[in-house]
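With the hints as a guide, dock the two chains, each given alone in a separate frame, to form the complex.
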Amino acid sequence: MRLFLPVAISIASYGVVWGVLAGQAGLTPLEVVLMSGLVYAGASQFVAIDMWSPLSLPVASIVVATAVINLRMLLMTATLRPQFEHLPRWRALLAMFLVSDEVWAMTMAEHAKGGGGAAFMLGAGTLAWIGWVGSTLTGRMLGAVIDDPTAYGLDFAFTATFLALLLSMWKGRGDLVPWLAGGAIAIGVSMLVPGTWYIIAGGLGGSLLGAFLQHRMRDAA
Amino acid sequence: MPLDALLAILGMAAVTYAIRVGGFLIAERLPTTGFVALWMRNIPGAVLAALIAPDVLKGGPAAWLATAAATLVYLATRNVLATIAGGVLAMFLLRRFAGL
Chain A
1 MRLFLPVAIS IASYGVVWGV LAGQAGLTPL EVVLMSGLVY AGASQFVAID MWSPLSLPVA
61 SIVVATAVIN LRMLLMTATL RPQFEHLPRW RALLAMFLVS DEVWAMTMAE HAKGGGGAAF
121 MLGAGTLAWI GWVGSTLTGR MLGAVIDDPT AYGLDFAFTA TFLALLLSMW KGRGDLVPWL
181 AGGAIAIGVS MLVPGTWYII AGGLGGSLLG AFLQHRMRDA A
Chain B
1 MPLDALLAIL GMAAVTYAIR VGGFLIAERL PTTGFVALWM RNIPGAVLAA LIAPDVLKGG
61 PAAWLATAAA TLVYLATRNV LATIAGGVLA MFLLRRFAGL
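Taken in order, these protein sequences are the chains called A and B.
Residue numbering for the first sequence follows the numbering used here, beginning at 1 and increasing consecutively.
Residue numbering for the second sequence follows the numbering used here, beginning at 1 and increasing consecutively.
Pulled out of the complex, with its shape left as it was, chain B reads as follows (with noise of 0.2 angstroms):
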């Protein structure tokens, strides 16, 4: 394996090992409401957003669909496998039979 590869599983497992730790160690001090909390609460959301836009808007009409057909799929049936089955399926569709 190279190193920079085993230095990064080795930093993505020490950052975070540290952080569940932490939590238990300064569960009296950490704040549960206020802003901190806040913050802390909304951070996948945004970071989920943040991953998602750039390569949506890169990714052409193919990408606007499949991620619209998601979309519907997710409010249709509120599960998360059938989301990224059905995104997955859209794309195959369009790339295939729509030339998208």
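If we strip away everything but chain A, and leave its shape as in the complex, we get (with noise of 0.2 angstroms):
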């Protein structure tokens, strides 16, 4: 469990920003609960709030890009699946709801050494699930101090989160052509279409064409 510690000082960072950045965007101390203990995805939300106001609430093209962003998980509760095997259907599919990102990497991480069991997972998942809740109603009830986050340069704190996020994806050349064509995809889109169907378009299109380019160089190899 050593693991965890730097782990949850990430979460819980990363908690307070997206809290303090929700309440710039209108939600209620009980929406952020509501929807942190529900959704648990922080990638998603970061999205979901970028998108959110609260007189015309976009609520399908919030869900579509939730559905988008976290269809990654596939993979991952995918992989989990030897290790739930022995455990009763129904408690196996209740355990799913605690896996993220981090969990899902500190569990693998256990597993390569010959731990990371169903336990480990389970236990992980719920210290995580609390530091993500408790986090973000803290940068929520934090962010009701600040009366002008422009001010203070906090309105770019999504655009340097996406950023940082972005930038610690990066695996190689490969990543530079869904990267650049899901960035100019949804500079036109955003030209073109009203709202924020610009996201979806430019992750689905920005994806599809680096997966084609990157199988194509994959079977020319």
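Because the hints were derived from the structure by calculation, they are not lab data.
Among the clues, some could well be false.
[What the hints assert, rightly or not] Computed spacing ranges between beta-carbons, pair by pair: (1) A:Leu5 to B:Leu3: 34 to 44 angstroms; (2) A:Lys113 to B:Pro2: 43 to 53 angstroms; (3) A:Leu142 to B:Gly60: 23 to 33 angstroms.
[Said to hold, decoys possible] Derived SDA-like pairs (lysine to any residue); straight-line CA-CA distance at most 20 angstroms: (4) A:Lys171 to B:Leu72; (5) A:Lys171 to B:Thr32; (6) A:Lys113 to A:Phe4; (7) A:Lys113 to A:Phe97; (8) B:Lys58 to A:Arg72; (9) B:Lys58 to A:Ser53; (10) B:Lys58 to A:Asp50; (11) B:Lys58 to B:Leu94; (12) B:Lys58 to B:Gly99; (13) A:Lys171 to A:Leu30; (14) A:Lys113 to A:Leu180; (15) B:Lys58 to A:Asp155; (16) A:Lys171 to B:Gly99; (17) B:Lys58 to A:Ile146; (18) A:Lys171 to B:Lys58; (19) A:Lys171 to A:Ala105; (20) B:Lys58 to A:Met191; (21) A:Lys171 to B:Gly34; (22) A:Lys171 to A:Arg72; (23) B:Lys58 to A:Phe4; (24) B:Lys58 to A:Trp197; (25) B:Lys58 to B:Ala37; (26) B:Lys58 to A:Gly195; (27) B:Lys58 to A:Leu75; (28) A:Lys113 to A:Glu102; (29) A:Lys113 to A:Gly123; (30) A:Lys171 to B:Val36.
In this text, all values refer to a predicted model and were calculated from it rather than measured experimentally.
In this text, a Cβ means the ideal position worked out from N, Cα and C, and glycines have one as well.
Structure below.
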């Protein structure tokens, strides 16, 4: 569990940032707790509050964007199946709720060392969930004290957060095409189509184009 | 809480849990290689790029410079939180002292 402390600190700091931004986007503390507790998926929650406007909430595009961003979790919970095979099916399915990027990564890292079973995943997942809900609510309360976020450059925290997450995903030159195409498609669509559909368009277009090129290069090799 | 906010949160929760359970249930049939697997691996990066690009473009010189500053902080530290802090600080300084 020594592995967990740095991860917990990063989840909590990230949660505080999200909570502050959620307040700026107009989410009430109750909405913050409900979203963090029920959705419990950081990246998609950042996107959701970026799209959030209390006066006319784009419910459909928020839900579609959430699905697109969290689709990667299919691959994560699929790899956890062997560790949960011995549990009753309904308990295994309930446990899947606790799978996040961090919890999955820690479980797989422990698994590579011979541990990382269902009990480890449940323990790490429960702690991460409590940390996430608690830190996002803390951020929401702290954010209420800040009167004019733009004066402190805090409005840029969205872009900086997404940029930092994007850069941390860099694995090699193969990422260049999906990233550049995703950005370019998003810019084009944002000028032509009102609302926030440009996020979904860029995300789908960029990832499909990237996969297409990587697939062809692999075949050629 | 307004109904549309509740709907958005419950909708987000439902699709996310469905994906979590779905991966577990179709584990044996899910492709781990090939086009579909490559596509799913590319989604998060493309979505993040799509989120950033229009905002940075429309943000003007202050956003362009703050984006460059945040990128430099990331390259120097490889730390996500330091990158966020560097970007916000750069934006604050640019607005306050450079009048951008």
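Here's how the hints hold up against the structure:
For the hinted restraint 34 to 44 angstroms between A:Leu5 and B:Leu3, the CB-CB distance of approximately 41 angstroms keeps it satisfied. Separation of A:Lys113 from B:Pro2 is about 48 angstroms and conforms to the stated range, judged on CB atoms against 43 to 53 angstroms. For the pair A:Leu142 and B:Gly60, the beta carbons lie near 29 angstroms from each other, so the given range of 23 to 33 angstroms is met. A threshold of 20 angstroms between alpha carbons decides the hint, and for A:Lys171 with B:Leu72 the separation of about 18 angstroms falls inside it, so the pair holds.
Our distance criterion of 20 angstroms between C-alpha atoms is met by A:Lys171 and B:Thr32, whose separation comes to about 18 angstroms. Restraint check for A:Lys113 and A:Phe4: satisfied, since their Cα atoms lie roughly 15 angstroms apart, inside the 20 angstroms limit. Of the pairs offered as hints, the one joining A:Lys113 and A:Phe97 is violated, with about 24 angstroms between alpha carbons and a cut-off of 20 angstroms exceeded. Taken as a hint, the B:Lys58 and A:Arg72 pair is broken in the structure, with Cα atoms around 29 angstroms apart against an allowance of 20 angstroms.
Of the pairs offered as hints, the one joining B:Lys58 and A:Ser53 holds, with about 19 angstroms between alpha carbons and a cut-off of 20 angstroms not exceeded. A threshold of 20 angstroms between alpha carbons decides the hint, and for B:Lys58 with A:Asp50 the separation of about 15 angstroms falls inside it, so the pair holds. Taken as a hint, the B:Lys58 and B:Leu94 pair is honoured in the structure, with Cα atoms around 16 angstroms apart against an allowance of 20 angstroms. Restraint check for B:Lys58 and B:Gly99: satisfied, since their Cα atoms lie roughly 17 angstroms apart, inside the 20 angstroms limit.
Proximity of A:Lys171 to A:Leu30 is assessed by CA-CA distance (about 38 angstroms); at most 20 angstroms being required, the pair is judged violated. Our distance criterion of 20 angstroms between C-alpha atoms is broken by A:Lys113 and A:Leu180, whose separation comes to about 37 angstroms. With a C-alpha separation of about 14 angstroms, the suggested pairing of B:Lys58 with A:Asp155 holds against the 20 angstroms cut-off. With a CA separation close to 37 angstroms, the supplied pair A:Lys171 and B:Gly99 exceeds the 20 angstroms bound.
The suggested pairing of B:Lys58 with A:Ile146 is violated, with an alpha-carbon distance near 25 angstroms, which exceeds 20 angstroms. For the hint linking A:Lys171 to B:Lys58, the alpha-carbon distance of about 28 angstroms lies beyond 20 angstroms, and the restraint is violated. For a cut-off of 20 angstroms, the pair hint linking A:Lys171 to A:Ala105 stands: about 16 angstroms separates their Cα positions. For the hint pairing B:Lys58 with A:Met191, the CA-to-CA distance comes to about 11 angstroms; that is within 20 angstroms, so the pair holds.
A C-alpha spacing of about 18 angstroms is found between A:Lys171 and B:Gly34, which places the hinted pair at or below 20 angstroms, so the restraint holds. Only pairs whose Cα atoms come within 20 angstroms are accepted, and A:Lys171 paired with A:Arg72 is accepted, the gap being roughly 16 angstroms. Proximity of B:Lys58 to A:Phe4 is assessed by CA-CA distance (about 39 angstroms); at most 20 angstroms being required, the pair is judged violated. Between B:Lys58 and A:Trp197, the direct Cα distance comes to roughly 17 angstroms. Compliance with the 20 angstroms bound is thereby established for this hinted pair.
Of the pairs offered as hints, the one joining B:Lys58 and B:Ala37 is violated, with about 34 angstroms between alpha carbons and a cut-off of 20 angstroms exceeded. Annotation: proposed proximity of B:Lys58 to A:Gly195 holds, straight-line Cα distance about 15 angstroms (limit 20 angstroms). Only pairs whose Cα atoms come within 20 angstroms are accepted, and B:Lys58 paired with A:Leu75 is rejected, the gap being roughly 35 angstroms. With a C-alpha separation of about 17 angstroms, the suggested pair A:Lys113 and A:Glu102 falls inside the 20 angstroms cut-off, and the hint holds.
Of the pairs offered as hints, the one joining A:Lys113 and A:Gly123 holds, with about 17 angstroms between alpha carbons and a cut-off of 20 angstroms not exceeded. In summary, the hint linking A:Lys171 to B:Val36 is supported, as the alpha carbons are separated by about 18 angstroms, within the 20 angstroms threshold.
Of the numbered hints stated above, those contradicted by the structure are hints 7, 8, 13, 14, 16, 17, 18, 23, 25 and 27, listed in ascending order.
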